[in-house]
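Combine the two chains into a complex, taking the hints into account.
Protein chains in written order, with this note's numbering: chain E, 78 to 467; chain V, 6 to 523.
It is worth saying that the hints were derived from the structure and are not from the lab. Be careful, since some hints might not be right.
Computed footprint of chain V on chain E, listed as stretches where at least three residues anywhere in the stretch have a Cβ under 8 Å from a Cβ of chain V [stated by the list, open to error]:
id : segment
1  : 114-122
2  : 125-135
3  : 214-222
4  : 315-325
For each residue, glycine too, the CB sits at the ideal point set by N, CA and C.
As a plain string of letters, each chain reads:
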Amino acid sequence: MTPRRTYRIAFFALGWLIALGILFQFGFKSVFVKVYAGIADGLSRVQQAVSDAEGRALTRARHTSRSDYLQPLAPTLRSADALRAPTGMLFGAYDGLLPRSFAGFEKFEEGLDFRFPIVSFYVAWGDKPEQQFPARMVETIDRMGSVPMVTWEPWVVDFDTSRRTNLPPRAEREYASLAAIARGEYDFYVVPWAAAAARYGKPMFLRFAHEMNDPYRYPWGPQNGNRPEDFIAAWKHVHQVFQKMSAANVLWVWSPHISMPWFEYYYPGPEWVDWVGFGVLNYGSVATWSRWWSFHQIVEKSYPALLALKKPLVICEFGTLSYGGDILEWYKQAFYHLDHTYGRVQAVVFFNQSQDTTMSAYPLDWSVLAERRATAFVAGELARKSVLER
Amino acid sequence: MPSWSDVSEVFRHRRAKPVETWERWVLGALVFLGLQSVVYLAWWWFRLEHVQDLVLFALLSLATWYGIFRMMVGWYNAFHIEQPAPRPAPEGLSVAIFTTSSPGEPYEMFVRTLAAAREIRYPHTTYLLDDTRDPRFAELAAEMGAVHLELVGLPGAKAGKINAALGATKEDFVLVLDPDHVPLPELLDRVLGHFDDPRIGFVQVSQAYYNAGESFVARGAAEQTFAYYGPILQGMHGTGTAVAVGANCTFRRKALESIGGHGIGLAEDLVTSIRIHAKGWTSVYVPEVVTRGLVPSDLSSYLKQQLKWSRGVHEVLFQEYPHAFRGLTGYQRISYLMIGTYFLGGLTSLIYFAIPLLYLLFGRQPAAMILSEYLLHALPVGLCGIAVYLFLQRWLCDPARERGVHWRGTLLKIGAFSVYLEGLVLAVLGVAVPYIPTAKERRAARFWPLARLPLLVIALSAAATLWTAYRRLFVVPEPEVRISTEVTLGMLGFLVLNSIFMGARLYAAWQDRVRRTR
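Chain V extracted, bound-state conformation (with noise of 0.2 Å):
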């Protein structure tokens, strides 16, 4: 079993292995029996006599669909999947490296950081954007060889004081390397040559983290986002997709004048990547571990991390997306949609969570289905999803840490549902968060305020649960009892599928507890 404890391998240079033509035939009838099912699975799904209470029918169809069509784009997205050729960088070429730091982030990390960059071998200049008014930072750079800019009191967090930094500095092209992220010697040199064709204005480089054993939160939140830097990116590479992520993207500087700097807000990232889409620039995405960061590792700056993204997110979709409609390409128009609505799944995870619970306590039932019709007709679905799934992780960047059916990031993601449905409200009425970087490290946290909403959500469970069974021994008429129970079994499943997930969020939040120490 590879370990994320042996340093010397976690910090190692990985890249995906290349794509063989008899896999993308594997994919492609993969993929074809996967839409195959969907429309079995559609045509007995629509059926009229389904439709039992007409509300929840349409809330729950919207919410399977939601999830099936996102499933299909990504399959679409996945027969795409493409690498670039390794290209070396050509001399001469005039790089800079920014850094930022902010107050409250710890100093060991940019001594690393720093010593790290400075190892970089292509020659280049590492800038670190301090406002932290610290004077041990600027001893710091100076001992590591970089340039310090105190940048304090610009607006726009982050990107404003890359935007500073901009006007400040004269390289053609600008590597924004998060703190938190130890870079490897060969990073601009797998990333440069990329750069020889004028139009592509930036190239991102895969984000994976070393702290992933931490915790289950950690191990949970880096599972996210394996499949994501493997096969996913490198589909949207192949589809002309490819977006800036935020950390360790390297942009040519005349992309980023071209769109007035570096975008502002807390999905600046996307924001960026969207902009400089629209102005025409191409982009690359570069499937290899040349860098590895923290993720975050406890539960309460998980979902800090999730609600600023799910905020940030549902921004770029309703103000950012429209005015870039016009200059992205078909196939980018569908995938920024796809990334701005990522978080709606907030919303069908409250449909799910909500439609057993209006069963067994108010008797309302969606659809007139039978469950084991349902189980039958989803079940080709189901196996297509996780075949493509499984297959796809041979394009995983680092395979022998990153492999596996990530059920840690699956129960994370849907415990996390009621701060997507925060951000997606918060959007909705404008209301702004607060940019804070993501935590560095590890902190205990106060067990009751974490535990609220998963504890009601399993005890509202459990009271439904009960108030059922009790119903159905005591006081339902013995034939209707005993020819529903499948219905309720069905129902009894999802609740318990519902607290599970809560179940893990609730661990979680165990695991961070401030322990009392004597």
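Pulled out of the complex, with its shape left as it was, chain E reads as follows (with noise of 0.2 Å):
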């Protein structure tokens, strides 16, 4: 090769780098993304397709699905305003191995003997793929006879700083991100959100930035500049992004952290929240700021004000550890207290997380699981309380 024609090629190169390079960014790219979308869209539709055959062949060969146990709670998990109003308890569970695989819930209403009405999950903010609108699991829920609760997460930091130019670099945009949301800097992301809610048009819980008066935990917390106006605005914001996009089938769960002070001046209002939230969980010995709580010691405090709200309540995340006090014990109380002084908690969903290391170095387990006792206990209450036949 003659060092002229290198040259040449180099030359070509450039000329072409150059050429394909303005040609990208003046329509090809749009173009590429809007075809790209809706290559996807077709893509998801026909797995869902095939997903649901996959699943009528199995109900054929079974005689059975899952969702004939739900069947008597139909009406009410298949209609929003029926759970905007719930005249029972519902319960449901949220299990560590969720979205990724059913393995754990399995072998938890398996270990149970229940089925649970309610399917937790968590889905945080960002531009994966696991972060967009979870519809394939939200439609296997649906098909499974329950109903969905996402616990939404606005982790603003998990966006992708190459794709989104005009969003503060990652440093700077935990500082006051509820007053962004808000403003509508993230509508990018929470308008096709909600458009997807809508698609799939079944009810579902949406728990959105829970905890949110919690200062030692999630980046939305008072930390980092979030007013409770700041809050209650992009709730708001958030709530009306969905109404715009006609997703009257989300339940909206407003749910704040109960132990720690001022929650009350985090809510949004009655017309913007359908039920009222809080976790449970008993972190027992575990570490220097926890001690062994019953359940009536954590909820005692706050119910007044929560009552005061006129909202069906639900227990998010209902559990605890075995250090420090007997697990058989904490659930005795917990379901006496349920039966007895706390009437307008109408769904407890368990935590199922064996492997939690949000708090700790080493894995700890909140499954009711852990303990034969208290697994032959709950599912008797289960059994007892729940509408369903065996």
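This is the structure in structure tokens:
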């Protein structure tokens, strides 16, 4: 190859680089994005159709489906309006392997000999595929006969800096992020999510920016310059986007941390909230800041304030560790008080996370299955309190 | 539809069409888009959260990116596509044509080849390098005006005979003509002109076949060579890496002497070629059909040929390449590495065959990728690859007969992965494979020995499919079934693909089976 030829090739490449770069920026990119969105949409529809076909074959082969168990509850679970004014008690569960696999969830249900009407899992904000609307997951939960509860966490740092050039740099993004959400700076994410939720169309619980009043936990807490009015503005803005996208199937779960003071100041107002949720997790003696709290001790102080909101209450994360007390006793007390003291609690979602590493260096086991007697007791309570036939 | 049976059409001198400037621009654009799409895929592929099973993910990545890397080198090569300007052959050069005969090769083939060699227009001397001990061959040589050299009992098979003949002759240029190749009268006229540059060590012409229509295997095996003797070698010519491919290469005697004679080994052509390049000689590829020969037309011969090549090429990679490395130019180093690692494809095929089985039988999933995500990210790479491949077909030597998607060649190539693997293992262990010339006529073979492996793979795939269907219909909990439809479907798809590859091999074996005659 002569030197002249080498130069020619180099110029050639450079020329193309510039020409195609310009072409890409002006037009081609948007066409590309549109075409791809179309293909992705078609693909997901095909996948759902195939999955449903497989599900039908399975139902025929086994002469039964999980949804058959939940059939008696269908009038409630299939209607958003019915779920806004529940009459009985609904149980639910989150499992640590979700949304990747149902294996742990299945084991949990087997262990308790129960089928949970609510399936709870977590979705963080961001650009990754698993951070988009979990269509496959909620459709699957629907086919299982249950209602999904999505805890929707605004981790704004997860957005890709190179793709979202209008966002502030990662390090600055977390400060006052709720105000930014309220201003609509994250609508590029919220709008398609809401549209997808509307497309889903069936009832789903959405627990947005939970424990917003806890300054020690999540970036959307008050430690990052997020004032109560910012939270309320963000909540209203997101809610309005869903309304605009006609996602009336979404049930809004406002879920503060009830052990932290002043949570009432974060309440957006009755017309913006369907359910009021809170977590009841007893860490026992696992950390310096915790000690063994009974269910009653955790709830009693805040209950009047929650009650005053006149909304159905849901315990979104329900469980205890084994350090420093007796699990069986804890659950016995809890179910006693659910029966006698806290009548407005109309849904309890078990926190079946056996490998929780969010608070400690070693994994914590929240599962009821960790203790045999507790398992048997809870199974009995579920059978007793549920309208479902065995 | 141009046919393979019209002899006057098949045996016609043809040349690849010249490269025009606009075509190079289009090629540049396609390659550029291709590189973009590779970056797009890589950016997505190597995300930490995709790693599910570290070992399997590493293996899958290795297999996938080895293939993509080869494709990119191919694009680079294609972008440098270049054809030598035709040069008239000067008068008065002394030229020898060597053709070799071994015991068992059909006599009629030599009648045809020697008669055609006699008709080559440029003055030359034909030598028949013979170790058949068959008196008919000496008579035939005399009749055809060729010199008969009785070369019996030499080590090194064909190359050994060539070296002995080099010692017995004086011509400045030596054309090694495979005995199954029928040369056209133009052959030497199209080649010799290029030797006016004293640095040129050898000139290679296209290797084309006349029996590609004979069977599924023949067609597939021929399809595997079309692109190589078309755009690929023209690109290699452009980057100064055109290799000698065994048949129909014309050497300058001095070049052969500078490396102590023709190389010996299962891939003797490649050995010779790399040594000559390492000595600083350059080479020319003439993209013209000036001979037509035979391609293996039955499965057994094809697999033997592939085993021979795989074993030989790995030998070159392990033994010749390190020695030659210092003498090669930068791009020659890459190019010979690419040739030397071609048959590692057997290893990547093994990985592709194993992964769906590992998932469906043992639940081990290499990557936590969403199927639709994968399809969307791999699509541009696939489309660009196909676009470049099809665009490059403009420079096939005989486009009318050679154009197409070459699905038979692909099926046959991947179906033969076990043989590539065997060649690799034999080369690593240093086990010799006897040098046998590739069979020159179609042979019938017993069905079962050839069908064993494909049947095993297909049976295993069918069993895994049934097992999966049973488990998903009756055993696996419903939610898990519903959420894992895609990955299971993807793996089953791979399994079906693997069965198709093996099915092609099975079909070829079926075509060759010994028919019971009454």
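* To do: Against the structure, test the hints numbered earlier, and report the numbers of the ones violated in rising order.
  => When the structure is compared with the hints, only number 4 turns out to be violated.
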